[in-house]
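**Q** If you read the protein sequences in the order shown, they are chains U and L. For the first sequence, our numbering gives the first residue as 3, with consecutive numbering after it. For the second sequence, our numbering gives the first residue as 2, with consecutive numbering after it.
One or more hints might be untrue.
To be verified - Calculated pairs, BS3-like style, for lysine-lysine (alpha carbon to alpha carbon, straight line, at most 25 Å):
#, chain 1, residue 1, chain 2, residue 2
1, L, K190, L, K178
2, L, K121, U, K215
3, L, K121, L, K53
4, L, K53, U, K215
5, L, K218, U, K51
As the list claims (entries may be wrong) - Pairwise CB distance ranges, derived in the manner of DEER restraints:
#, chain 1, residue 1, chain 2, residue 2, range
6, U, T50, L, R139, 45 to 53 Å
7, L, R139, U, V37, 48 to 56 Å
8, U, K118, L, R18, 31 to 39 Å
9, U, I127, L, E136, 50 to 58 Å
10, L, K223, U, F157, 22 to 30 Å
11, U, L40, L, S50, 37 to 45 Å
12, U, L25, L, T83, 29 to 37 Å
13, U, V37, L, I47, 39 to 47 Å
14, L, E225, U, F157, 18 to 26 Å
15, U, Y185, L, K223, 50 to 58 Å
16, L, P192, U, L40, 33 to 41 Å
17, U, D131, L, R139, 47 to 55 Å
If you are wondering where the hints come from, they were derived from the structure by calculation, not from laboratory data. A virtual CB, placed ideally from N, CA and C, is assigned to each residue, including glycine.
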Amino acid sequence: MEINWAFIVSSAPLYIKAAWLTLKLAALGIAASLVIGLLCSVVLFYRTKGLVNLVQGYIELSRNTPLLIQIFFLYYGLTKVGLTMSENTCAVLGLAFLGGSYMAEAFRGGIEAVSKSQIESGLSIGLSDLQLIRYVILPQAFAVTLPSLGANCIFLLKETSIVGAIAIPELMHVTQDLIGIYYQTFEALLLLVVAYLILLLPLSIGLTWLERKVRYAQFGN
Amino acid sequence: MLNSGISVLVEGINLQRLMLGLAVTVRIALISIILGSLLGVFIGLIRSSKSKVIGFICRFYLEVFRIIPVLVWLFIIYFGVTNLLNIHLDGEVVALIVFSLWGAAEMSDIVRGALESLPKHQMESGLALGLSFWEVYRYILIPQAVRRMLPGAINLSTRMVKTTSLVVMIGVIDVVKVGQQIIERSVLKTPTASFWIYGLIFVLYFIVCYPLSKWSKNLEAKWEN
Numbered sequence: 003m004e005i006n007w008a009f010i011v012s013s014a015p016l017y018i019k020a021a022w023l024t025l026k027l028a029a030l031g032i033a034a035s036l037v038i039g040l041l042c043s044v045v046l047f048y049r050t051k052g053l054v055n056l057v058q059g060y061i062e063l064s065r066n067t068p069l070l071i072q073i074f075f076l077y078y079g080l081t082k083v084g085l086t087m088s089e090n091t092c093a094v095l096g097l098a099f100l101g102g103s104y105m106a107e108a109f110r111g112g113i114e115a116v117s118k119s120q121i122e123s124g125l126s127i128g129l130s131d132l133q134l135i136r137y138v139i140l141p142q143a144f145a146v147t148l149p150s151l152g153a154n155c156i157f158l159l160k161e162t163s164i165v166g167a168i169a170i171p172e173l174m175h176v177t178q179d180l181i182g183i184y185y186q187t188f189e190a191l192l193l194l195v196v197a198y199l200i201l202l203l204p205l206s207i208g209l210t211w212l213e214r215k216v217r218y219a220q221f222g223n
Numbered sequence: 002m003l004n005s006g007i008s009v010l011v012e013g014i015n016l017q018r019l020m021l022g023l024a025v026t027v028r029i030a031l032i033s034i035i036l037g038s039l040l041g042v043f044i045g046l047i048r049s050s051k052s053k054v055i056g057f058i059c060r061f062y063l064e065v066f067r068i069i070p071v072l073v074w075l076f077i078i079y080f081g082v083t084n085l086l087n088i089h090l091d092g093e094v095v096a097l098i099v100f101s102l103w104g105a106a107e108m109s110d111i112v113r114g115a116l117e118s119l120p121k122h123q124m125e126s127g128l129a130l131g132l133s134f135w136e137v138y139r140y141i142l143i144p145q146a147v148r149r150m151l152p153g154a155i156n157l158s159t160r161m162v163k164t165t166s167l168v169v170m171i172g173v174i175d176v177v178k179v180g181q182q183i184i185e186r187s188v189l190k191t192p193t194a195s196f197w198i199y200g201l202i203f204v205l206y207f208i209v210c211y212p213l214s215k216w217s218k219n220l221e222a223k224w225e226n
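The whole structure should be built from the sequences, with the hints applied where relevant.
**A** Below, the structure written as structure tokens:
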């Protein structure tokens, strides 16, 4: 097995570009899913009439279908009924559709961790619903939620590997191209793995650290 | 326009073909769930051993499969390993290998978490009562551990079913590939084919996964106390 280092050096810029795109799509998808998740968890918390069923239906749909199919439906399906979007829009929308429910579950877990008596005390000293969320629930729920939010971010970043299927030149797609065109299978895969390690390893280590911190804050060990 | 398109689902043998594709998807998922669970329980059990070396190897195995996306693993085995060893592996075999190993990694962590969550004194109390080591496992630890890990394990199964959709990327003729073939064949006659076919596949996955996640949620609620 000879490794073609020249090929690796000459292809590295392609991977750097692809890694940036992967990061950008993931960041947009994560931001959007945080917003969706927060809105959903607020609706679930207040059991807003009419919206609760909608939110629960959305969460079930999103959690029980694969991202690949969600994206294919957005990209190939909806364009046939008059709703055409660019592939990047589809990727971000798909990630947001998938991630929103995961974020909602994470927020819900955090909100449930805030004890009932605190919420009742807050209401009884005259806080409004919004003040209650802003000053009592969110600060506490946030700390509890942080590890699962972090895990969801890593999950979504990994899921971007799928959006290459709609011809977005992210890491998987670049790899597939290089294997197809130059037949430098081993080198392309090596670059791919290294790129994902550079993206994900720091996040994963950071998450482990964060989990330990939060655990310490809660249980003291 | 929309109304005319839906007939593409039942035209000719399209529906039968999609169902056969779904059978391939479910077959891959089922075999890898079984293999992955068996291997995962085994790894999870040996991870609770005191040995630092075994602990490190198991942890490394888990992290390697957690950090690299599953699709990348499919590519590594399908393109890389076959190229390196100069062999041919069928896409479905590659999928079974990758999903089983990945499932085992995730499963081992669920098993470890369940075992670690059991209070240490239970083993000691059991032994003090005169039960043998295996009786403590059989009657005290395993029944509790199963309760704690079953919801997680079922959830993992749902994730594995969803992940099988990736096999289309390594040339397996699963429900997605069959759908693509039908779309390509009927796109001239029915321009909205992709809307209906992908919509149906979306629903099919939901029908397979929803009962699983519902079951897991019910068990979790039932065993919470």
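**Q** Give a verdict on every hint.
**A** Status of each hint after checking the structure:
no., hint, in the structure
1, L/K190 with L/K178, "holds (20 Å)"
2, L/K121 with U/K215, "holds (24 Å)"
3, L/K121 with L/K53, "holds (19 Å)"
4, L/K53 with U/K215, "holds (24 Å)"
5, L/K218 with U/K51, "holds (23 Å)"
6, U/T50 with L/R139: 45 to 53 Å, "holds (49 Å)"
7, L/R139 with U/V37: 48 to 56 Å, "holds (50 Å)"
8, U/K118 with L/R18: 31 to 39 Å, "violated (54 Å)"
9, U/I127 with L/E136: 50 to 58 Å, "holds (56 Å)"
10, L/K223 with U/F157: 22 to 30 Å, "holds (27 Å)"
11, U/L40 with L/S50: 37 to 45 Å, "holds (43 Å)"
12, U/L25 with L/T83: 29 to 37 Å, "holds (30 Å)"
13, U/V37 with L/I47: 39 to 47 Å, "holds (43 Å)"
14, L/E225 with U/F157: 18 to 26 Å, "holds (25 Å)"
15, U/Y185 with L/K223: 50 to 58 Å, "holds (55 Å)"
16, L/P192 with U/L40: 33 to 41 Å, "holds (39 Å)"
17, U/D131 with L/R139: 47 to 55 Å, "holds (52 Å)"
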